[in-house]
Structures are given as structure tokens and as C-alpha cells.
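Chains A and B supply the protein sequences, listed in that same order.
For the first sequence, this note's numbering gives the first residue as 249, with consecutive numbering after it.
For the second sequence, this note's numbering gives the first residue as -8, with consecutive numbering after it.
Because the hints were derived from the structure by calculation, they are not lab data.
Being a predicted model, the structure only gives us computed values, none of them experimental.
Glycine included, C-beta positions come from ideal geometry on N, C-alpha and C.
Hints may be right or wrong, so weigh each one.
Chain B stretches covered by chain A per the calculated footprint, using a threshold of three residues with CB under 8 Å from any CB of chain A [said to hold, decoys possible]:
(1) 26 to 32
(2) 38 to 45
(3) 101 to 113
(4) 123 to 132
(5) 192 to 200
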Amino acid sequence: MSDHHVTGVGSYVLVFLALMVLTAATVAAAFIDLGAFNDLVALLIAFTKAALVVTIFMGVRHASRMAKITVVAGFLWLAILFGITLTDYFSRGFLG
Amino acid sequence: MSTAPPEAQTQPVSSKLRPWGKQHHFDSFDQQQEASYFGMWLFLAQEVMFFGGLFTAYIVYRTEHTFAFTLGSRELDVQLGVINTAVLIGSSLTMALAVWAAQTGRRKAIVAFMILTILLGGVFLGIKTVEYSAKWEHHLVPGPNFHWEGSQGNRVEMFFNLYFVMTGLHALHMIIGMVIMAVACWWAWRGAFTPENHNFIEGLGLYWHFVDIVWIFLFPLLYLLGRNVG
């Protein structure tokens, strides 16, 4: 927000419409049998929606570098939480 | 850095009304704005980890008991879930527009968009209440009232444990946001926020959008996964 960028109403409405379309897409995809890909499609759409909200609605696109690093760090720590926990659980079977 | 900024004299409302003007420890509104945005994101990073623990638990249990979690998930009402997703995305739009109104100095629009946001939040919570009471009537609330015909009962109960804790904490976040928003409406009406001094509304927006993001993940994970299996 350091450069005083004001996101216009048009951009917000566009993001809103995109989020609605993606919601419809994730519901439609859920009822089609894609095998193991169902989970992947649902997560990809969810991450896309989250990215839209973070960059436009939350204004991170025009935020200062320090704020951007903070955002990325937040999700990096989440990835570490998921990564290390799941590495443990999913590898337990390896020992027989 | 050293001279007092001229903006300090142009605070819109008397100090009695808690104007959220420039705090004395900031050199300028710019610096205050930047600190507020950064600080709010630090808080949200913590919130990401807070919900992250629950998402981790969900992933671990669902991976080990996929079938039972599918059975549990199918007890949820997809239609109500979709409507609530749309309502919450709509409330994110109105919140974003409230921040826009604050940035462009539209006093009444700030109040109007925040009231809309609160109303949409109320619709979401109302639908959630309908869903919760249906789960109670169907004996799907974990505890002594829980009853499941057939096998996998304990595991389905675990699904509903996670369902109620995750959606419950999400709803709690919404209630807190709506209460703060109602107070901010009052301040906004009294003219507390100006284009140079709107970091409170902006922070509130960040919080509300974060709550939206949590739901963006909760909805497919709880309502949709497993619907593809015949």
C-alpha cells in the first residue's frame, strides 16, 4: 500500500465474478469421476481462488516488499507444517 | 522525519470519539498505514498456522479413513454449502468496496458497504445454523447424541468432530469480525476515516478476506471430496 494504489471497483467486480465461476467449476468437477484427480482439481481451484483473494481483494499485488515477504512467509510456514507432518504419517507404513 | 506532519492538525473528529487519527509514535499517516498493513499480515500469518493445524489433522485422518470421511461428507448439504460460498464471496466483494470507499473518501459508502457485509455474514451464519440443527436432528453431532447405522461409526464421528470444530471456529471468526465491523460503522458514520487515514478499515478488510479464504478451502474439503464415487 506504500504507493497509494487504489484498486478500482471494476477489478473487484471482475474478481468476484471469477470467484463465482470457479466455485461453480469446483462443484461441477466434484460430481465427475476423475479418480485420484478429483482431490487435485478441487485443491487447484481452491488455491486459485485464494490467490485471487490475496492478490486483489487483499491488495498484496500493490503492497510493499516487506508485506509481500510476510505473506509468503505465512504460507511457507504452513507448507513446512504440512510437509513435515505428512512425511511422518505417510512414511510410517514403510517400516512394515 | 523530525518535523511534525501537518496532517496531525486535521483530524476529522474530536478525540473523545476515538478518531483513529495518527498515533503519536508514527511520523506520518503513510508510515502508520504501512505498519498497520504489515502488522495485520503478521497476525494473519499466525491465523494461517492456527487453522493450519486443523487442516493438517483433517488431511491425516482423511488419508487414513478415506471411506468413512466420504460417508460423513455425503451427509452434508452441498446446495447450502454452495449458497454459503456465494454469500461469503459476495461479502468479500462488499468489504473490498468498503475499503475502496474509505480510500476514496466516500463516508456514507463505507457505512453502506460494511452494513451489507454484516448482513451477508448474517445470512451465512443463518444458513449455517440451519445446517447445524439438521445435523443434530440426524444424530450426527459428536457426543452422546451421535448415532450411526452400520460400520465405520467412530470414524464418521471423527469426520463430524473436525467438521464442527473447523466450521465452528470459522463462524466464531465471522462473529468477531461482524462485531468489530459494527463498531467501525459507527466510527465511519462519525467521519473517523479519511483517504489518508483508513488503515483500520483496511485491516478489517484483510481479516474478512482471510475468513473468506478459510471457507474457500473448507467448502471443497468438507462438502465435495468423495462425491465422485458412485
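Quick rundown of the hints versus the structure:
1. Beta-carbon proximity to chain A at under 8 Å applies to 3 residues in the stretch 26 to 32 of chain B; the threshold of 3 is reached and the given coverage holds.
2. Here's how the stretch 38 to 45 of chain B fares: 4 of its residues keep a CB closer than 8 Å to some CB of chain A, so the rule of at least three is met and the hint holds.
3. A count of 0 residues in the stretch 101 to 113 of chain B with a Cβ less than 8 Å from any Cβ of chain A is obtained; the coverage claim is therefore unmet, three being the minimum.
4. For a cut-off of 8 Å, the count of residues in the stretch 123 to 132 of chain B with a CB near a CB of chain A stands at 0, and the three-residue condition is violated.
5. As drawn, the stretch 192 to 200 of chain B meets chain A at 4 residues by the rule of a beta-carbon pair under 8 Å; at three or more, the given contact holds.
The structure fails to meet hints 3, 4 from the earlier list, while all remaining hints are met.
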